[in-house]
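Engineer: Spelled out from the first residue to the last, the chains are:
Number of protein chains: 2
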Amino acid sequence: MASALVLRGFSPERARECARLFAEADLDGVYTHGLERFPRFVSYLEKGWVKAGAKPSLVASLGAWERWDGNLGPGNLNALESMDRAVALARVSGLGCVALSNTNHWMRAGQYGLRAADEGCIGLCWTNTIPNLPAWGSREALLGNNPLVIAVPREGGHVLLDMAMSQFSYGKLEAYAARGEVLPVEGGYDGEGKLTRVAASILASQRPLPIGYWKGSGLSLLLDLAATILSGGLSTGGVGKQEGEYGLSQVFLAFDLGRLGRVEGPTAIRDAVEEMAERIHRASLAEGFGAIHFPGEGRASIRAENLSKGIPVRAGLLEKLRSLASG
Amino acid sequence: MASALVLRGFSPERARECARLFAEADLDGVYTHGLERFPRFVSYLEKGWVKAGAKPSLVASLGAWERWDGNLGPGNLNALESMDRAVALARVSGLGCVALSNTNHWMRAGQYGLRAADEGCIGLCWTNTIPNLPAWGSREALLGNNPLVIAVPREGGHVLLDMAMSQFSYGKLEAYAARGEVLPVEGGYDGEGKLTRVAASILASQRPLPIGYWKGSGLSLLLDLAATILSGGLSTGGVGKQEGEYGLSQVFLAFDLGRLGRVEGPTAIRDAVEEMAERIHRASLAEGFGAIHFPGEGRASIRAENLSKGIPVRAGLLEKLRSLASG
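Chains E and D are the protein sequences, given in the same order.
In this text, residue positions in the first sequence follow this note's numbering: the first is 17, and each later residue adds one.
In this text, residue positions in the second sequence follow this note's numbering: the first is 17, and each later residue adds one.
So here's chain E without its partners, still in its complex pose (with noise of 0.2 Å):
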């Protein structure tokens, strides 16, 4: 991925971070949004929708809150360098805010909140997307799916939240079309205007549905339109507008942890942690459920098991990828 980039005008050292997010995607097990969405986001740079080259730039500074121009540079790299300059102003005020403009997808999300959580923080960020959700009422997409990820610092491995506002991605829709399976629960609107577990019947109408029905639909809102306002960038009804999905609007807030030494007892962090794991762990199980896990922890065994054994790739994808390498 690194030689591909290279060759449509990364340095290489952008080209080895950039290549380093998406394969640590997978490493995580986040199938969907690392290798699988390489070939789609050089394509996004042969178009120009993605500049090689462009880094963030500083638009305002609002004293611990920032508004940064993304340039169109890679999704990746900017969301990266935002929670980090989030993270160095909570190092200054105890809480930082980066509001980035025109800047293009993160691919997976998880990854800047856990950048801050690797930095001792709690990290909280949120993008817009092109309108892919139909708003509660109405049958057009008009929302984005909007993920948002909160991540909190944890020894062994961090807790972290990353979730879109759709209750199912069209990729996961496409997956279960293809099985033949049903959802386990309602996913959206069949032809009829009915609600269906029936994932084909969803693709045909494009009508997935938010988390929670009208309260997805009002999050996934308000999220995009502080997003908007916050950065000075395009709304989802914006970027709905262009031909493609670029010059998205994100933001990144930090809140610097390590401020606490000063007030409390060096394991009182550790301790609500700790405590939050064991209430879930200890809980009696719903029918049909083995385990109960707290949002990212699967992730760290997910992480050893590709890490000993190497990390699955298709074979297609695989070829597909070094045909990118080579021109």
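Honestly, the hints are just simulated from the structure, not real lab data.
Zero decoy hints are in this set.
It does not matter which identical chain is used: a pair holds within one copy or between any two.
Derived SDA-like pairs (lysine to any residue); straight-line CA-CA distance at most 20 Å:
hint : residue 1 : residue 2
1    : K210      : V198
2    : K210      : L199
3    : K257      : E294
4    : K210      : A193
5    : K257      : E290
6    : K210      : G304
On a predicted model such as this, the values are computed, not experimentally measured, just so you know.
We have chain E already, so just place chain D on it with the hints.
Structural biologist: Relative to chain E, chain D alone:
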């Protein structure tokens, strides 16, 4: 209500402000969290779970993020003061955060977002609660419904998201059960562990659903964990070990949009908000819908109607409130 509070140790000024917050919930049509809650609030005062004269005190200044102790003061006064303090921090640093421990139920969540929006800020706040929601995969109420608020200033009525992490509150379930109506969507589990729209079955099983199943379960968990760590207060699990719902943890964030006057035209924020409103209003409607509104849009007309015709209050409640005011 103010008289009832003065009888129970409030200063006249604080009694008036606390009563105003209860009444304004009804004025805006949020009847579940206004006058109807007042008798329970008084009983908490009498039990000593809410301390009439207590005010928040600063625990630690960490920059633009501060920790405050609510000292078990009245939840609505504590929350309003905390959002005001977050706004004051945002005036200095662009954004500000107050993390409040040891406080009480804030009643109507939206009020504190509206307060930030009145001050020209984007407001974001959330609270934990007693355990009242099973985690995904468990039968047990491990999680709180942890209401989350995001407010964006708008002339003619702020945009306001005010949502709990449960698909339906216990109050809603009780209302559906009393009317013998089925829920519009699945709201929890019946006695056999099957998803159901029958409110009475969910009330019997005490297993309501989080929004988006596993997603709302994760979001509730992370909101609780973040509130606990940022404030140094009790988690939902910790609150659940007490004899009642008191000593909650809350987070208040404000972004001062007034700072943007230096960097963009005076209509930029209004344009972003109105573009969102138009997009929603123009949308093609789904089956059974006559109109779509953005979150908080209905508030202005309900308020206007209640201001002109008076706030509807059921006779029994009015009598109850009068009896509380006479000791």
